[in-house]
Each structure stands twice: as C-alpha cells, then as structure tokens.
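K.L.:
Each chain, written out:
2 protein chains.
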Amino acid sequence: MVSGDAETFYRKRSLHSRLQAIYLVRCDARSIEERARAIAVEQSVEMPVAAIADDRVRSHIVGRVEGISERKAGLFEIRISLAAETVGRDPGQLINMLFGNTSLHEDVELADVALPNDLIEYFGGPRQGVHELRRRVGARARALTSSPLKPQGLAPADLARLAEDFAQAGIDYIKDDHGLAEQAYSPLAARLEAVAAALRKLEQKNGQAARYVPSLSGDLDTMRSQIAAAKEAGLDTVMIAPMIAGLSNFHRLVRENPTVAFIAHPTMAGAARISPPLLLGKLFRMLGADAVIFPNYGGRFGYSPDTCRALAHAALDRREGLRPTVPVPAGGMTTDRVREMLDFYGADVMLLIGGALLEARENLRAATSAFVAEVHRYAYG
Amino acid sequence: MVSGDAETFYRKRSLHSRLQAIYLVRCDARSIEERARAIAVEQSVEMPVAAIADDRVRSHIVGRVEGISERKAGLFEIRISLAAETVGRDPGQLINMLFGNTSLHEDVELADVALPNDLIEYFGGPRQGVHELRRRVGARARALTSSPLKPQGLAPADLARLAEDFAQAGIDYIKDDHGLAEQAYSPLAARLEAVAAALRKLEQKNGQAARYVPSLSGDLDTMRSQIAAAKEAGLDTVMIAPMIAGLSNFHRLVRENPTVAFIAHPTMAGAARISPPLLLGKLFRMLGADAVIFPNYGGRFGYSPDTCRALAHAALDRREGLRPTVPVPAGGMTTDRVREMLDFYGADVMLLIGGALLEARENLRAATSAFVAEVHRYAYG
Numbered sequence: 001m002v003s004g005d006a007e008t009f010y011r012k013r014s015l016h017s018r019l020q021a022i023y024l025v026r027c028d029a030r031s032i033e034e035r036a037r038a039i040a041v042e043q044s045v046e047m048p049v050a051a052i053a054d055d056r057v058r059s060h061i062v063g064r065v066e067g068i069s070e071r072k073a074g075l076f077e078i079r080i081s082l083a084a085e086t087v088g089r090d091p092g093q094l095i096n097m098l099f100g101n102t103s104l105h106e107d108v109e110l111a112d113v114a115l116p117n118d119l120i121e122y123f124g125g126p127r128q129g130v131h132e133l134r135r136r137v138g139a140r141a142r143a144l145t146s147s148p149l150k151p152q153g154l155a156p157a158d159l160a161r162l163a164e165d166f167a168q169a170g171i172d173y174i175k176d177d178h179g180l181a182e183q184a185y186s187p188l189a190a191r192l193e194a195v196a197a198a199l200r201k202l203e204q205k206n207g208q209a210a211r212y213v214p215s216l217s218g219d220l221d222t223m224r225s226q227i228a229a230a231k232e233a234g235l236d237t238v239m240i241a242p243m244i245a246g247l248s249n250f251h252r253l254v255r256e257n258p259t260v261a262f263i264a265h266p267t268m269a270g271a272a273r274i275s276p277p278l279l280l281g282k283l284f285r286m287l288g289a290d291a292v293i294f295p296n297y298g299g300r301f302g303y304s305p306d307t308c309r310a311l312a313h314a315a316l317d318r319r320e321g322l323r324p325t326v327p328v329p330a331g332g333m334t335t336d337r338v339r340e341m342l343d344f345y346g347a348d349v350m351l352l353i354g355g356a357l358l359e360a361r362e363n364l365r366a367a368t369s370a371f372v373a374e375v376h377r378y379a380y381g
Numbered sequence: 001m002v003s004g005d006a007e008t009f010y011r012k013r014s015l016h017s018r019l020q021a022i023y024l025v026r027c028d029a030r031s032i033e034e035r036a037r038a039i040a041v042e043q044s045v046e047m048p049v050a051a052i053a054d055d056r057v058r059s060h061i062v063g064r065v066e067g068i069s070e071r072k073a074g075l076f077e078i079r080i081s082l083a084a085e086t087v088g089r090d091p092g093q094l095i096n097m098l099f100g101n102t103s104l105h106e107d108v109e110l111a112d113v114a115l116p117n118d119l120i121e122y123f124g125g126p127r128q129g130v131h132e133l134r135r136r137v138g139a140r141a142r143a144l145t146s147s148p149l150k151p152q153g154l155a156p157a158d159l160a161r162l163a164e165d166f167a168q169a170g171i172d173y174i175k176d177d178h179g180l181a182e183q184a185y186s187p188l189a190a191r192l193e194a195v196a197a198a199l200r201k202l203e204q205k206n207g208q209a210a211r212y213v214p215s216l217s218g219d220l221d222t223m224r225s226q227i228a229a230a231k232e233a234g235l236d237t238v239m240i241a242p243m244i245a246g247l248s249n250f251h252r253l254v255r256e257n258p259t260v261a262f263i264a265h266p267t268m269a270g271a272a273r274i275s276p277p278l279l280l281g282k283l284f285r286m287l288g289a290d291a292v293i294f295p296n297y298g299g300r301f302g303y304s305p306d307t308c309r310a311l312a313h314a315a316l317d318r319r320e321g322l323r324p325t326v327p328v329p330a331g332g333m334t335t336d337r338v339r340e341m342l343d344f345y346g347a348d349v350m351l352l353i354g355g356a357l358l359e360a361r362e363n364l365r366a367a368t369s370a371f372v373a374e375v376h377r378y379a380y381g
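Sequence lines, in order, name chains H and C.
Here the first sequence is numbered in the working numbering, starting from 1 and rising by one per residue.
Here the second sequence is numbered in the working numbering, starting from 1 and rising by one per residue.
These are calculated hints, taken from the structure and not from any lab test.
Keep in mind that the hints are not guaranteed to be accurate.
Unchecked claim - FRET-style restraints, in silico, Cβ to Cβ:
1) H/D107 with C/R89: 35 to 41 Å
2) H/E33 with C/T334: 55 to 61 Å
3) C/K201 with H/G302: 31 to 37 Å
4) C/R30 with H/E256: 49 to 55 Å
5) H/E132 with C/S304: 48 to 54 Å
6) H/E256 with C/P305: 24 to 30 Å
7) H/A228 with C/D118: 26 to 32 Å
8) H/E106 with C/R30: 25 to 31 Å
To be verified - Stretch by stretch, here's where chain H covers chain C in the computed footprint (C-beta under 8 Å, at least three residues):
9) 173–187
10) 211–222
Stated by the list, open to error - Part of the chain H face toward chain C, derived, beta carbon under 7 Å:
11) P48
12) I52
13) D55
14) I61
15) Q93
16) G100
17) K150
18) A181
19) E182
20) L202
21) N206
22) G218
23) I244
24) F301
25) P305
Beta carbons: idealized from backbone N, C-alpha and C, even for Gly.
Can you build the whole structure from these sequences, using the hints too?
P.N.:
See the structure below:
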C-alpha cells in the first residue's frame, strides 16, 4: 500500500463523518482555549500540529475544537470533533480515541459523545432489549425483578437452594453475584449444573420460569466456553463486566451470540471518570447490553438522582433506532423503596434487591415474596 | 457438587492465603472504621455479614480490616485482606476483587497490593524483561531508545519512511503511535509490510537492528492474528493497552507468546484511581509487560517525580523473582532532558521521544541522531 491509497480512501469516504465528544474540564478561563486544543491533539495525532507535513492529516485527522462554554466558574464544557476514520469499527479503539491518554488528566471528564449513524448501526445495540427480557418471563407491562446469588464462598448446592427460594417467591432474573467467577469452591460448570437443575425442576412443577443469569469471567475464550456451557444448560441470559472484559471482547460476544441477553455490570466502570449516563447508559447499550446494572441514588454509592435519571434515559430513549436497554438500579436497595423507584423510573426497569432480602435469613422466601408482590401490585393495582 | 466439596476445598488449601490490599480513603475520623469495614465487605461478600449463615464464609471469605492509619487530616490508609480463593488465577477477577465496586466510590484509591507468592509465580511477570530487550538491539548496558510512528492518518509508506529515518539515526525500538489500529487508511497488515520491509532492507545494508513495535487493537482473536502477522513479518515485539484489552486477555496473549516482548501502554489506565506505581508498575509487570510506557514528570501529564520513581521501582525491583520490566517515561520528552532522565532513572530505562523529534521536520534524522548520541554518550562517555 502506498500513499496514494490513503488519498483514495479519503476521497471515497465522507470527509465529514466525525465523532463529537464533550469533555468537562476544570481549568482557569485564561487557559481553557489552549487546554481544549491540547485535548483535541492528544486524542487524535498526539504530536505538535505544526510538525505535520501532510495536508490531509492536518485538515481531517487532527481533532477540532468545535465549542467551549463555561458551565460554572472554573468548569468548562468543550466539544471536540474527531475523524470517524480514526476509530474504524472497534469499540476498544473507540474508547482509546475518545478518552485514552486524556484519562491520565485528573481534571478532565468525558461527558458525552455523539457518533455517526453508520457506527451506531454497526454496533447495533441490544439484541434483546426490554421487550424480550419481559417476554421471556411472562411480564407483560410490569417492572422486572431480580435477586443475586451470594455470598461467594458458598458451594453450588447452597447457591442452588438460594435460587430455589428466590424462584419460589416469583423473582424473574436470578443472577450470580458479580464476585462469582471460576473459584475452586464453586466453578461456573458446577453452578450451572446445580442452579439450572434446581430451577428446571421448579419450572416443571409450577410452570413458572425464573431465569438464571451466570456471571462471565476470564479472557474471551473462557467467556465463550462459559456461554456455550450456559446454553447447554438451557440458559439464555448472562452477566458481563464490560470494563474488565474489554469493550471489544464484550461486543464480540454480543455479535457471536444473537439470542443471548447480556446484563452489564458496572464493576471497574466507576473509576473511569467517564460520565455514568454515557458509559453505562449510552455506550454499554450501543455495544449490546440488554440490561445495565448501576448504583441507584440513596444506596451504598454516591450517584445522584439526576445521574440515575440521565442514565436510565440514555438506556431507554428511542432516538437512535436501538432496542431499549433495561436500567437495573441497585446497590443497597430495599423493598420499602419499590414504590418510590417505580415512581421514579417507570415500568421499564428491573429492580434488583439482594442483601436486604438475605438479611431476613430463615424468612428469605417471605421477604422475597413481599418484594415481588410490591412490584406486581404497583403494576396491576 | 455438594456443600461438602467446598468444605474439603477449604480444608485442603491453606486457609491463610490472603491478598493484602491498601486503599487511601478521604473520610472523617469518626466514620473511617465503618468505612473500612464497608469496603472489606464490598470487595468480598457484598452483603450484610450478619446475614451470612455459613461459618466458613464468615471466617475466610469476608474481607478483613487489618489496619487503619491516618496519613494526614482526613486521609486514611486502610489495609484489607481478601481470601486468595476469591480470585483464583484470573487477572480480570483479581482487579474485580481488588477494586471493582469500590471503583464507584470517588473518595477511594487503590494504593497497593501484596499477593501470595503462588499467584505471582503463576502470572509469571515479563517473559523477556530488560536484559532481553537490551540483548535484542545489542545495547549492553546503556539505556534504550524509542520513537513513535505518527501522526495517524499517514499511509503505510509514509510511516515506513519515518521508520527508516529513525532507524538510520540509531533508534532501538520504533513503535506505532497508540492511536494506530486497524484504520482503513493504514491497517496493521499494510504497516507490517511497509515498515518491516523498510527496516529489513536497512538491516541488510548496515547491520543495525531496529525493532518495529506494532500496536495491537481489537478483541482477543484480532490481537492473536495481529501477533501472528507480526511474527510472520519477522517481528518479536508488540505494544498493547492492557486496560482496553482487558487484563485477562493481555495475560492470555503473554502466555501464548513466550518469545514475544510486550510493551504496555497506559491509555485508559490513568483514570482508574489506582495508584500508577501499582497498576502500571507492579500489576502490568506481574502479568507480563516487558516494558511499560508512562507519563514522565514535567511533560504533558501530571505525574510527580515521586510517582515516577515509585513506578520505575515497582517495574524493576528484584523482590518477587520476576524479570524486571523496562520503565519507559514519555509524554512530551525532549533531547535536552536525556541527561536529567538518565540521572533520575539510571540505565535500566527506555527513553521515548516523539513529537520533539518530529518537530524538526526535514531535520528529523539529525535531531534523532542527536537524541541517540546523547543516550550513548551518557553510558559510554
């Protein structure tokens, strides 16, 4: 390939296909213009622009500062456009170009991104989305319910008994705690055998379908074989931590498994100084998350109601032709907050309660039934 | 598998194999004990301890607060031990257990970790390390030199010409800019063909071996085929961004390619509120990075000299039986800082200068020769 090929490439493709990235920068007013230019350069050519001899690179590839506005004293919103060609179609390269080196600056946050339509279409969003997650558990219009298998350290048979209790009480999605992986005391294969069998027996008995959602871990190959084992056990839903798996690997699994529903977990995602509505709502959805767990306001974590509302909106809104992703507010929720959460989020939500139910110990099933009843009552009167 | 199996497992394994994690927490003195306990629980069982019926889980799996000390007013160092069993041998699960959900708390930083020896041995550290990186380019005792191919947007032939200039000037390792991926204007296969051919021709002519270091991108399978193509082109060194690839996938590639040297790039690593010496120095090394690029003090990024010194120390120190990882301070370095950097880091270092050389434009080769000469002069007088 010689220089001419690159030239042809630039001519053939729309020259104007650009990503728009919005950053929040803590900075004094005198320095913000220089700072904005520096970020535009860092996230594109990463070298002094004056030293770039190539006209095409200078005019198309160098990031452009499209706007600067002061949000409040010392906090600026800057909009930078980046050539879509620099990203190609790789989710890892997308995050690399959006925030890679700039993530090393503690005073910058990636606040939002607008992507070209063809890239959004290529990523494709959730393969199932809220409607299919509802259909699978026979919940026509109500909010979905979920509970976690924990604590880690229990043997598969103990986790299976817990799953039985949750299922008997009417929980829709019974998920692994995100700490469950391939530990020697409870490897995934043994969990699949014990939990899936217990739930199958229950389903045969009372016709009720509770979904077991095992957690994926390890490298891409390990996750592939975990999904294969889950399918083998009759399952169709898995949980994944995209920031640990790597965004490219997450998306690869989504593409390879079009009938599987993926519930995204936020572990290691909060540290990234990327706005939660963008990362957990918009980006995880775009890459195929059918549901996304996040720390609800008023729980163990510090997200505000505004952040949670924006995150749910990004997961659900209809703008981009993607299926809606189910928001799963979690992190220390309790049954007495069910009505408030449903008032806040509406019915397109999955409520996840764990610790508060487990605290009931020998009354776990009754406590879980009360949680389920509260959700059903809200929907059906 | 039934409960009894887990019991046997606990009996058979050392019950005392624990990870020690150190966190820095901004917090008032009245709340720090409760806060420390909450982190210990979050990073282990993630549920109210009182609700755990299983004795083994309560005594072995629940994280333990091992110490709390005040570093300065409102900043506490807490030490928490976690059962090694919860991690198994998966690097992704390691970071999940060390910092996963706690990463969602903005006032907590993961400062350091001590791992059990068998886990360190299993991960195995660099397969090449500083001695082999030196040997490959015939640098007996001096610091190594490196320059990047950039800007992205150039065609492979242009990048090859740039590589030729760097090689003629005596640079040891010529690396892709971390923005180079599988872009249509310069996919990796075309870069390998153009750059590797140019360097081979030079090597035949003047016997000097410059190493081309292509950058990996995409999912695990894509990276595998990129490494295969690089080997095919006669290369033995690649660059990878572990925080984008996912730690488990990074380590998988290291295991699968014992003769390849891996240079780790910090993109998306700085945002993680994990101390840079720990993440870039200790953890990347443990997982197999032969060299690690990081933002040097006094450049475009905000790392302090202390942070850089600690990072280099973590990459190089002899304590854990691992090969040393070459520190690569970068991010806006210039030739007039070579002496100062070598005074600071010593000879076990790779100096990476890019933009400052490219700014010389038509005098690029002379500027690069001056950089190389400065490094050689320091070592050999």
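K.L.:
All hints are to be evaluated individually against the structure, with a verdict given for each.
P.N.:
Hints and how they fare:
1. H/D107 with C/R89: 35 to 41 Å: holds, 37 Å
2. H/E33 with C/T334: 55 to 61 Å: Once the Cβ atoms are compared, 24 Å apart, the range 55 to 61 Å for C/T334 and H/E33 is violated.
3. C/K201 with H/G302: 31 to 37 Å: violated, 58 Å
4. C/R30 with H/E256: 49 to 55 Å: holds, 51 Å
5. H/E132 with C/S304: 48 to 54 Å: Holds, at about 51 Å.
6. H/E256 with C/P305: 24 to 30 Å: This hint is violated: roughly 47 Å between Cβ atoms.
7. H/A228 with C/D118: 26 to 32 Å: Holds - the Cβ-Cβ distance for H/A228 and C/D118, about 29 Å, lies within 26 to 32 Å.
8. H/E106 with C/R30: 25 to 31 Å: holds, 28 Å
9. 173–187: holds (count 9)
10. 211–222: holds (count 6)
11. P48: Interface hint status for H/P48: holds (5 Å vs cutoff 7 Å).
12. I52: Holds, about 6 Å.
13. D55: It is violated, given that the least Cβ distance between H/D55 and chain C is near 10 Å, above 7 Å.
14. I61: holds, 3 Å
15. Q93: This hint holds: H/Q93 lies near chain C, its Cβ roughly 4 Å from the closest one there, short of 7 Å.
16. G100: With Cβ-Cβ at 3 Å, under 7 Å, it holds.
17. K150: holds, 5 Å
18. A181: holds, 4 Å
19. E182: This interface hint holds because 5 Å falls under the 7 Å limit.
20. L202: Violated, because the Cβ-Cβ distance from H/L202 to chain C comes to roughly 19 Å (cut-off 7 Å).
21. N206: With Cβ-Cβ at 25 Å, over 7 Å, it is violated.
22. G218: At 5 Å from the nearest chain C Cβ, H/G218 passes the 7 Å test, so the hint holds.
23. I244: holds, 5 Å
24. F301: Result: holds, 5 Å to nearest chain C Cβ.
25. P305: Cβ of H/P305 sits 16 Å from chain C, so the hint is violated.
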